[in-house]
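A.B. asks: My request is simple: use the sequences and hints to build the entire structure.
Numbers 1 to 193, taken from the numbering used here, label the letters of the sequence shown in order.
Keep in mind the hints are simulated off the structure, nothing from the lab.
Just to be clear, a hint being listed does not mean it is correct.
[What the hints assert, rightly or not] Computed list of lysine to any residue pairs in SDA-like fashion (alpha-carbon distance at most 25 Å, straight line):
#1 Lys37 <-> Ala51
#2 Lys187 <-> Glu118
#3 Lys37 <-> Ile81
#4 Lys37 <-> Leu56
#5 Lys37 <-> Ile16
#6 Lys91 <-> Asp76
#7 Lys40 <-> Asn28
#8 Lys187 <-> Asn131
#9 Lys91 <-> Ser59
#10 Lys128 <-> Ile175
#11 Lys37 <-> Gly17
#12 Lys37 <-> Gln88
#13 Lys128 <-> Ile163
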Amino acid sequence: MAVELLNQQLEITKEIGDRRGEANALNNLGSAYAGHKDPKNAIELHRQALAVARELADSRSEAAALGGLGIAYYIDGDPGIAAQFFEQQLKIAAEIGDQRNECYALINLGEALTSLGETQRAVELLNKAFNMARQSEDIQGQANALFNLALALDRSGDRTHAIYQAETSLELFEIGDLPAASVVREKLAEWRK
Numbered sequence: 001m002a003v004e005l006l007n008q009q010l011e012i013t014k015e016i017g018d019r020r021g022e023a024n025a026l027n028n029l030g031s032a033y034a035g036h037k038d039p040k041n042a043i044e045l046h047r048q049a050l051a052v053a054r055e056l057a058d059s060r061s062e063a064a065a066l067g068g069l070g071i072a073y074y075i076d077g078d079p080g081i082a083a084q085f086f087e088q089q090l091k092i093a094a095e096i097g098d099q100r101n102e103c104y105a106l107i108n109l110g111e112a113l114t115s116l117g118e119t120q121r122a123v124e125l126l127n128k129a130f131n132m133a134r135q136s137e138d139i140q141g142q143a144n145a146l147f148n149l150a151l152a153l154d155r156s157g158d159r160t161h162a163i164y165q166a167e168t169s170l171e172l173f174e175i176g177d178l179p180a181a182s183v184v185r186e187k188l189a190e191w192r193k
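C.D. replies: Listed below in structure tokens is the structure:
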């Protein structure tokens with residue numbers, strides 16, 4: 001249903017010549033496909049969004065497309081390519097002062113780096129993301145940063161600290177009534193065995 005509505009939105013923006021709306025619709029549609037675990041379609045749509053955003057010199061849409069590409073490649077099993085897109089997203093977000101986008105680029109980059117075994121850098125970036133999210137009172141950002149920090153710490157061999165960070169992230173997920181709390185509970189149960 002959401003994909004159908006987003007396709008309609010995309011068609012309307014094309015019909016009326018709203019290029020900025022087209023970039024947003026392409027990004028939203030790409031994110032919907034990524035959410036349905038269809039990275040191939042997500043990649044194609046985010047690439048189209050990126051082209052439109054660059055044509056318009058729309059930095060926010062460009063950063064969104066780069067982040068979407070990173071997520072799609074990560075879902076597709078290529079954290080190395082994903083990390084490259086998150087690095088580009090991070091650079092643009094910092095340049096334009098978009099702290100929310102910067103925070104989520106840091107979180108996603110940290111997750112990709114953890115998958116690549118670059119846990120020390122991941123820990124640094126995830127701590128920075130957590131601090132940014134805390135300053136802006138973004139509960140979801142704080143929870144995501146801490147859970148990804150827990151995963152990085154566990155991967156680096158520090159299970160005790162990982163459990164502490166995961167427990168803290170679980171409290172935040174529960175405060176925000178966020179669905180990812182169940183994922184954190186499962187990981188904590190696995191680590192406590």
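A.B. asks: Given the hint that Lys187 pairs with Asn131, test it: the Cα-Cα distance must not exceed 25 Å.
C.D. replies: 23 Å, holds
A.B. asks: Would the hint linking Lys91 and Asp76 be met if the CA-CA limit is 25 Å?
C.D. replies: Holds, because 23 Å separates the two Cα atoms, which is no more than 25 Å.
A.B. asks: Please work out if Lys37 and Ile16 have their alpha carbons no farther apart than 25 Å.
C.D. replies: 31 Å, violated
A.B. asks: Between Lys91 and Ser59, is the straight-line Cα distance small enough, at 25 Å or below?
C.D. replies: Given that 25 Å is the threshold and the Cα spacing comes to 11 Å, the pair holds.
A.B. asks: Decide if the proposed pair is consistent with the structure: Lys40 and Asn28, CA atoms, cutoff 25 Å inclusive.
C.D. replies: 15 Å, holds
A.B. asks: Within 25 Å, alpha carbon to alpha carbon, are Lys128 and Ile175?
C.D. replies: Between Lys128 and Ile175 the Cα gap is close to 21 Å, so the pair holds against 25 Å.
A.B. asks: Run the distance test for Lys128 versus Ile163: straight-line Cα separation, threshold 25 Å.
C.D. replies: With Cα atoms ~19 Å apart, Lys128 and Ile163 stay inside 25 Å; holds.
A.B. asks: Does Ala51 sit within 25 Å of Lys37, going by the straight-line distance between their CA atoms?
C.D. replies: Since the Cα atoms of Lys37 and Ala51 sit roughly 23 Å apart, the hinted pair holds (cutoff 25 Å).
A.B. asks: Run the distance test for Lys37 versus Gln88: straight-line Cα separation, threshold 25 Å.
C.D. replies: Distance of about 23 Å is within 25 Å: holds.
A.B. asks: Can the restraint linking Lys187 and Glu118 be considered satisfied, given a maximum Cα separation of 25 Å?
C.D. replies: 20 Å, holds
A.B. asks: Can you confirm whether the C-alpha distance between Lys37 and Ile81 stays at or below 25 Å?
C.D. replies: Holds: Lys37 and Ile81 sit about 17 Å apart, inside 25 Å.
A.B. asks: Holds or violated: Lys37 with Leu56, Cα cutoff 25 Å?
C.D. replies: 29 Å, violated
Violation of the numbered hints given earlier is confined to hints 4, 5 and 11; the remaining hints are satisfied by the structure.
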